[in-house]
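Colleague: Next come the chains, spelled out residue by residue.
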Amino acid sequence: MDTVTRRKFLQLTAGAVAVGAAAPLLSVDEIAAAAINRPLAAGTPIVVMVTLYGGNDGLNTVIPFADPLYYSLRPEISYKAENMLPLDAELALNPAMKGLKSLWDQKKVAIIRGVGYPNPDRSHFSSMAKWQTASPEKHINTGWLGRWIDTQAEDSMLAISLGSVLPPLFAGAKRSGSVLPLGGLVIPKGSVAANCMQLAKVSRADNSLMAAAATSMRNLFSVSTTVQPILKAPAPTPVDLPVTNGGNAGGDSNLAQQLDVVAKLIAAGSPTKVWSVSLGGFDTHANEANAQAALLGSVSDSISRFISQMKGTSRGADVTLVVYSEFGRRVVGNGSQGTDHGTSGPMFIVGDKVNGGFYGDQPSLKNLVSGDLAVTTDFRDVYATILESLLQSPVEPILGKWSGRTKFLKA
Amino acid sequence: MNLKRLEIARLSHRFAFGPRPGEFASALDAGVSATRQKVLTVPAVDAGAALVTNPLITDLGSRPKPNTAEIIPFVTGLRNQTEQLTLWWLDRMALSDHGLTEKMTWFWHGHWATSITKVDHPLAMYKQNQTFRQYALGNFSQMSRAMVNDAALQYWLDGQTSTAKSPNENLGRELMELFVLGVNRYTEDDVKALARVLTGYQLTLSAATVLVNPKRRDTSAVTLLGQTAAYTAESASDYLVAKPDCAKFIAERLWYRFISSTEDMPANLGAVNAFASRELAPAVTSLAQDGAMANPRYSMVKSPVEWFISACRALELTPSKLNDSKQLINHLNKLGQIPFYPPNVGGWPAGEAWLSSASAQYRIAFATWLIKQSALRGLNEIPVDRRVLASADWLGVAEWSPRTQAALRNSLGNPEEFVLLALCSPEYVVSA
Numbered sequence: 001m002d003t004v005t006r007r008k009f010l011q012l013t014a015g016a017v018a019v020g021a022a023a024p025l026l027s028v029d030e031i032a033a034a035a036i037n038r039p040l041a042a043g044t045p046i047v048v049m050v051t052l053y054g055g056n057d058g059l060n061t062v063i064p065f066a067d068p069l070y071y072s073l074r075p076e077i078s079y080k081a082e083n084m085l086p087l088d089a090e091l092a093l094n095p096a097m098k099g100l101k102s103l104w105d106q107k108k109v110a111i112i113r114g115v116g117y118p119n120p121d122r123s124h125f126s127s128m129a130k131w132q133t134a135s136p137e138k139h140i141n142t143g144w145l146g147r148w149i150d151t152q153a154e155d156s157m158l159a160i161s162l163g164s165v166l167p168p169l170f171a172g173a174k175r176s177g178s179v180l181p182l183g184g185l186v187i188p189k190g191s192v193a194a195n196c197m198q199l200a201k202v203s204r205a206d207n208s209l210m211a212a213a214a215t216s217m218r219n220l221f222s223v224s225t226t227v228q229p230i231l232k233a234p235a236p237t238p239v240d241l242p243v244t245n246g247g248n249a250g251g252d253s254n255l256a257q258q259l260d261v262v263a264k265l266i267a268a269g270s271p272t273k274v275w276s277v278s279l280g281g282f283d284t285h286a287n288e289a290n291a292q293a294a295l296l297g298s299v300s301d302s303i304s305r306f307i308s309q310m311k312g313t314s315r316g317a318d319v320t321l322v323v324y325s326e327f328g329r330r331v332v333g334n335g336s337q338g339t340d341h342g343t344s345g346p347m348f349i350v351g352d353k354v355n356g357g358f359y360g361d362q363p364s365l366k367n368l369v370s371g372d373l374a375v376t377t378d379f380r381d382v383y384a385t386i387l388e389s390l391l392q393s394p395v396e397p398i399l400g401k402w403s404g405r406t407k408f409l410k411a
Numbered sequence: 001m002n003l004k005r006l007e008i009a010r011l012s013h014r015f016a017f018g019p020r021p022g023e024f025a026s027a028l029d030a031g032v033s034a035t036r037q038k039v040l041t042v043p044a045v046d047a048g049a050a051l052v053t054n055p056l057i058t059d060l061g062s063r064p065k066p067n068t069a070e071i072i073p074f075v076t077g078l079r080n081q082t083e084q085l086t087l088w089w090l091d092r093m094a095l096s097d098h099g100l101t102e103k104m105t106w107f108w109h110g111h112w113a114t115s116i117t118k119v120d121h122p123l124a125m126y127k128q129n130q131t132f133r134q135y136a137l138g139n140f141s142q143m144s145r146a147m148v149n150d151a152a153l154q155y156w157l158d159g160q161t162s163t164a165k166s167p168n169e170n171l172g173r174e175l176m177e178l179f180v181l182g183v184n185r186y187t188e189d190d191v192k193a194l195a196r197v198l199t200g201y202q203l204t205l206s207a208a209t210v211l212v213n214p215k216r217r218d219t220s221a222v223t224l225l226g227q228t229a230a231y232t233a234e235s236a237s238d239y240l241v242a243k244p245d246c247a248k249f250i251a252e253r254l255w256y257r258f259i260s261s262t263e264d265m266p267a268n269l270g271a272v273n274a275f276a277s278r279e280l281a282p283a284v285t286s287l288a289q290d291g292a293m294a295n296p297r298y299s300m301v302k303s304p305v306e307w308f309i310s311a312c313r314a315l316e317l318t319p320s321k322l323n324d325s326k327q328l329i330n331h332l333n334k335l336g337q338i339p340f341y342p343p344n345v346g347g348w349p350a351g352e353a354w355l356s357s358a359s360a361q362y363r364i365a366f367a368t369w370l371i372k373q374s375a376l377r378g379l380n381e382i383p384v385d386r387r388v389l390a391s392a393d394w395l396g397v398a399e400w401s402p403r404t405q406a407a408l409r410n411s412l413g414n415p416e417e418f419v420l421l422a423l424c425s426p427e428y429v430v431s432a
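Just so you know, the protein sequences line up as chains D and P, in that order. Position 147, counted from 1, in the first sequence is what the numbering used here calls 147; the numbers after and before it change by one each time, with no gaps. Position 155, counted from 1, in the second sequence is what the numbering used here calls 155; the numbers after and before it change by one each time, with no gaps.
Derived from the structure by calculation, the hints contain no laboratory data. Since the model is a prediction, treat every value here as computed from it, not as a measurement. All C-beta atoms, glycine included, are put in the ideal place defined by N, C-alpha and C. Heads up, a few of these hints could be off.
[Claimed, not checked] Listed next, the in silico DSBU-like pairs over lysine-lysine satisfying Cα-Cα at most 35 angstroms (straight line):
1. P:Lys118 to D:Lys80
2. D:Lys201 to P:Lys372
3. P:Lys192 to D:Lys138
4. D:Lys366 to P:Lys192
5. D:Lys80 to P:Lys65
6. D:Lys138 to P:Lys118
7. P:Lys326 to P:Lys127
8. P:Lys334 to D:Lys232
9. D:Lys98 to P:Lys118
10. P:Lys248 to D:Lys138
11. P:Lys302 to P:Lys127
12. P:Lys334 to D:Lys174
13. D:Lys101 to P:Lys118
14. D:Lys232 to P:Lys326
15. P:Lys248 to P:Lys302
16. D:Lys189 to P:Lys326
17. D:Lys189 to P:Lys321
18. P:Lys334 to D:Lys311
19. D:Lys80 to P:Lys215
20. P:Lys165 to D:Lys80
21. P:Lys243 to P:Lys302
22. D:Lys232 to P:Lys302
23. D:Lys174 to D:Lys232
24. P:Lys334 to D:Lys138
25. D:Lys98 to P:Lys65
26. P:Lys215 to D:Lys366
27. P:Lys4 to D:Lys174
28. P:Lys4 to D:Lys201
29. D:Lys174 to P:Lys302
30. P:Lys38 to P:Lys302
31. D:Lys189 to P:Lys302
32. D:Lys174 to D:Lys410
33. P:Lys334 to D:Lys189
34. P:Lys372 to D:Lys232
35. D:Lys80 to D:Lys353
36. P:Lys334 to D:Lys201
[Said to hold, decoys possible] Where chain P lies over chain D, by a calculated footprint (3+ residues, C-beta under 8 angstroms):
37. 113 to 127
38. 206 to 214
39. 217 to 226
Using the sequences and the hints given, assemble the complete structure.
Modeller: Here it is, written out as structure tokens:
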């Protein structure tokens with residue numbers, strides 16, 4: 001495996017971490033040996049969920065550039081065709097998504113068009129809840145991956161969300177995913193630690209929330225012990241991207257930082273099958289063009305950097321990223337150089353296991369459903385494929401009887 | 001479970017910000033009914049709150065262009081005033097004798113959730129906070145009118161960009177969904193109609209003033225929830241607030257923040273009828289008297305600010321005097337909750353969202369930092385041989401589990417560690 005040279009190490013961490021004069025030479029083998037004593041079996045698929053909060057404007061992400069209606073319906077906020085990154089004769093990517101375009105050219109990106117659910121809800125909270133619980137008809141308290149966690153053996157490392165607050169996506173009825181902040185988890189030392197472990201025991205007197213509080217303390221100890229040494233090590237090198245001063249392109253964004261932590265832990269063999277990272281700010285009611293381009297640029301750069309980092313490890317072929325947002329936006333601009341809440345939007349699935357190309361029908365700009373894009377693919381089709389083909393789990397306990405599938409993976 | 005202790009602990013932690021040393025024991029002596037009465041009665045003078053000086057928040061003018069000489073004092077002014085404003089409110093929560101007014105102000109901040117990250121100007125946030133205070137337990141119809149005309153809320157939801165020619169739906173939608181009626185109690189056509197009614201606002205954000213420009217306003221009649229009229233923003237607000245769904249929705253929100261964020265509100269909850277006149281005091285009183293208050297199934301996780309303020313009260317700490325304010329804000333930020341910075345227009349999450357492995361860590365660090373700055377009078381006054389059980393009275397905890405008692409017993413020789421374990425225990429992090 002690659003030895004990360006001191007020079008590369010300094011370049012990788014410049015600007016992010018203060019590097020001491022005696023920075024050690026570390027190889028990827030050493031990182032892997034750091035702490036994981038029960039690594040994920042080689043070849044086990046790994047899913048990374050990327051949530052874009054706020055409602056990403058899908059029509060300015062995957063752009064129907066050949067359709068004159070695109071320009072006439074949203075004159076203030078349409079892109080010029082010559083700046084876009086064409087994917088075929090009809091659709092192009094937002095100009096800011098060069099990294100993702102390059103992965104598309106390598107056939108590693110599936111774009112699922114018009115994804116949503118019946119009777120679209122234009123509320124951020126309701127709609128995100130529907131996406132994360134996979135229950136569009138009725139409000140429930142568990143996330144679809146939380147229900148999957150319930151079906152697996154208890155393991156605090158099984159599903160990890162980056163951040164400090166647990167997303168509903170990972171909330172199960174019996175157990176939930178763990179939460180890992182960017183800086184990692186630090187546990188107290190000495191007698192406090194022993195007594196905190198005492199507090200972490202579940203008591204028969206506990207109600208369910210108190211039991212959850214005790215579990216969170218327990219998970220703090222188990223996850224911290226496992227991940228802390230790994231987080232101190234540098235992230236895997238992006239093998240086929242130029243290293244620039246201050247980190248690779250996109251390396252400073254919060255999403256890139258989250259994916260950096262994920263990359264370190266995957267490379268070290270973390271027994272984690274599902275990860276969750278996120279980026280907010282997509283609620284572009286006003287002055288959309290610059291704001292959305294910056295965000296999409298960050299998504300695209302962070303993902304291409306992550307895929308490149310994975311390539312240099314033994315897990316490169318195992319990782320699949322899934323990108324979604326709670327809804328797309330209204331086709332017609334709102335006069336504030338922005339767009340109001342809409343309905344369906346594209347999902348991106350990225351990785352070596354993906355059979356690159358388009359899936360689902362592109363919603364028509366001519367036949368709008370009360371001013372909005374039609375939903376042409378149900379998100380449960382996508383989830384069912386993830387559960388069945390990547391997580392190798394039966395669909396029914398998690399989504400109920402659901403027959404739809406989207407075949408975006410290589411056979 | 002001793003139901004008297006449970007109910008008094010809930011009155012103390014949910015309808016206020018937790019007891020100061022000695023208050024829980026006095027409340028137990030007084031009984032549930034007298035304690036409830038005390039919690040619900042707004043005193044003419046609040047000596048504790050009077051100790052907190054109002055912040056000096058001024059109009060800083062509009063933002064100067066980047067890279068000019070004026071931008072630095074402007075940004076410094078924003079930063080200083082925002083910090084002052086935040087500390088002022090935390091001090092009010094920690095020092096007030098009457099917690100309910102502060103608790104309701106906090107509730108309304110999470111309800112009409114507006115973030116200074118977009119609004120930028122502390123004066124607009126301060127004025128909004130004063131509106132929350134004014135109507136904290138007052139008339140909801142008047143509050144809704146005031147909020148429709150609130151500069152910070154208008155800016156937050158793009159009201160100033162919404163004109164007759166191109167209405168912006170943001171404010172109209174959230175007014176129905178998150179502020180007055182609740183989701184799915186209106187149609188998409190209603191959203192579009194209300195957006196037209198709410199057109200024409202223009203604001204001077206730095207001064208937090210709004211006006212309606214007749215040239216930008218759509219004055220035509222629209223159909224809103226089945227009734228066609230030429231509404232004004234105020235008449236539309238009145239009309240929505242008068243709908244039966246409003247009583248149901250406000251009762252649901254009170255239930256969610258005061259009784260349970262995990263269990264649904266019973267449809268026949270007394271607070272719904274008690275809100276018939278759209279007066280908030282009777283609705284909150286009804287909730288405090290409800291049988292649910294003594295039902296052990298309705299536990300609640302304390303939000304980070306609630307946990308922090310209750311710790312300040314037990315430890316007799318004043319937030320603005322903590323050393324130092326930047327570290328305080330940093331601790332709150334790590335736990336995911338700083339006043340004036342809700343994550344989005346839906347307000348902060350509730351329940352298990354606050355119980356992650358990450359928050360367990362941050363809570364330990366935060367508590368350690370606080371304990372070092374306290375004389376721990378409340379604990380030291382308890383004889384060592386009684387500390388394990390009696391510390392529950394000091395902190396207003398209904399009952400320690402055997403698990404937590406064992407941890408506390410282990411640390412009897414180390415008061416700081418004892419308090420750390422108590423504050424981070426499941427029984428203190430969760431209101432039973």
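Colleague: Run every hint past the structure and note whether it holds.
Modeller: Each hint tested on the structure:
A hinted pair counts as satisfied when its Cα atoms are at most 35 angstroms apart, and Lys118 (chain P) with Lys80 (chain D) qualifies at roughly 29 angstroms. Between Lys201 (chain D) and Lys372 (chain P), the direct Cα distance comes to roughly 26 angstroms. Compliance with the 35 angstroms bound is thereby established for this hinted pair. Note on Lys192 (chain P) and Lys138 (chain D): the hinted pairing holds, with a Cα-Cα distance of about 25 angstroms set against a maximum of 35 angstroms. As the CA atoms of Lys366 (chain D) and Lys192 (chain P) are separated by approximately 21 angstroms, the hinted pair is consistent with the 35 angstroms bound.
A threshold of 35 angstroms between alpha carbons decides the hint, and for Lys80 (chain D) with Lys65 (chain P) the separation of about 29 angstroms falls inside it, so the pair holds. Between Lys138 (chain D) and Lys118 (chain P), the direct Cα distance comes to roughly 33 angstroms. Compliance with the 35 angstroms bound is thereby established for this hinted pair. Distance hint between Lys326 (chain P) and Lys127 (chain P) is fulfilled; the C-alpha atoms sit about 24 angstroms from each other, no more than 35 angstroms. Taking the CA atoms of Lys334 (chain P) and Lys232 (chain D), the gap is about 20 angstroms. The hint holds against a cut of 35 angstroms.
In summary, the hint linking Lys98 (chain D) to Lys118 (chain P) is supported, as the alpha carbons are separated by about 29 angstroms, within the 35 angstroms threshold. Our distance criterion of 35 angstroms between C-alpha atoms is met by Lys248 (chain P) and Lys138 (chain D), whose separation comes to about 19 angstroms. Between Lys302 (chain P) and Lys127 (chain P), the direct Cα distance comes to roughly 27 angstroms. Compliance with the 35 angstroms bound is thereby established for this hinted pair. In summary, the hint linking Lys334 (chain P) to Lys174 (chain D) is supported, as the alpha carbons are separated by about 26 angstroms, within the 35 angstroms threshold.
With a C-alpha separation of about 32 angstroms, the suggested pair Lys101 (chain D) and Lys118 (chain P) falls inside the 35 angstroms cut-off, and the hint holds. Distance hint between Lys232 (chain D) and Lys326 (chain P) is fulfilled; the C-alpha atoms sit about 26 angstroms from each other, no more than 35 angstroms. With a C-alpha separation of about 24 angstroms, the suggested pairing of Lys248 (chain P) with Lys302 (chain P) holds against the 35 angstroms cut-off. Between Lys189 (chain D) and Lys326 (chain P), the direct Cα distance comes to roughly 25 angstroms. Compliance with the 35 angstroms bound is thereby established for this hinted pair.
A threshold of 35 angstroms between alpha carbons decides the hint, and for Lys189 (chain D) with Lys321 (chain P) the separation of about 28 angstroms falls inside it, so the pair holds. Simply put, Lys334 (chain P) and Lys311 (chain D) have alpha-carbon atoms about 33 angstroms apart, close enough for the 35 angstroms limit, and the pair holds. Pair hint Lys80 (chain D) plus Lys215 (chain P) holds up; C-alpha atoms about 33 angstroms apart against a cutoff of 35 angstroms. A distance of roughly 25 angstroms separates the Cα atoms of Lys165 (chain P) and Lys80 (chain D); the hinted pair therefore holds under the 35 angstroms criterion.
Taking the CA atoms of Lys243 (chain P) and Lys302 (chain P), the gap is near 32 angstroms; set against the 35 angstroms cutoff, the hint holds. Taking the CA atoms of Lys232 (chain D) and Lys302 (chain P), the gap is near 33 angstroms; set against the 35 angstroms cutoff, the hint holds. Restraint check for Lys174 (chain D) and Lys232 (chain D): satisfied, since their Cα atoms lie roughly 32 angstroms apart, inside the 35 angstroms limit. Distance restraint check for Lys334 (chain P) and Lys138 (chain D): the Cα-Cα separation of roughly 33 angstroms lies within the 35 angstroms cut-off, and the hinted pair is therefore satisfied.
About 31 angstroms separates the Cα atoms of Lys98 (chain D) and Lys65 (chain P), which keeps this hinted pair within 35 angstroms; it holds. This hinted pair checks out: Lys215 (chain P) and Lys366 (chain D) have alpha carbons roughly 33 angstroms apart, not beyond 35 angstroms. Under the criterion of a C-alpha separation no larger than 35 angstroms, the hint pairing Lys4 (chain P) with Lys174 (chain D) is consistent with the structure, at around 31 angstroms. Our distance criterion of 35 angstroms between C-alpha atoms is met by Lys4 (chain P) and Lys201 (chain D), whose separation comes to about 27 angstroms.
Restraint check: the Cα-Cα separation between Lys174 (chain D) and Lys302 (chain P) comes to about 21 angstroms, which is no more than 35 angstroms; the hinted pair holds. With a C-alpha separation of about 22 angstroms, the suggested pairing of Lys38 (chain P) with Lys302 (chain P) holds against the 35 angstroms cut-off. Among the hinted pairs, Lys189 (chain D) with Lys302 (chain P) is consistent with the structure: their alpha-carbon atoms are about 26 angstroms apart, no more than 35 angstroms. A hinted pair counts as satisfied when its Cα atoms are at most 35 angstroms apart, and Lys174 (chain D) with Lys410 (chain D) qualifies at roughly 34 angstroms.
For a cut-off of 35 angstroms, the pair hint linking Lys334 (chain P) to Lys189 (chain D) stands: about 20 angstroms separates their Cα positions. A distance of roughly 29 angstroms separates the Cα atoms of Lys372 (chain P) and Lys232 (chain D); the hinted pair therefore holds under the 35 angstroms criterion. For the hint linking Lys80 (chain D) to Lys353 (chain D), the alpha-carbon distance of about 33 angstroms falls within 35 angstroms, and the restraint holds. Of the pairs offered as hints, the one joining Lys334 (chain P) and Lys201 (chain D) holds, with about 25 angstroms between alpha carbons and a cut-off of 35 angstroms not exceeded.
By the rule of at least three residues with a Cβ nearer than 8 angstroms to a Cβ of chain P, the coverage given for the region 113 to 127 of chain D holds, with 6 such residues. With a cut-off of 8 angstroms between beta carbons, the region 206 to 214 of chain D has 9 residues touching chain P; three or more are needed, and the interface restraint holds. Look at the region 217 to 226 of chain D against chain P: 5 of its residues bring a Cβ nearer than 8 angstroms to a Cβ of that chain, three or more, so the hint holds.
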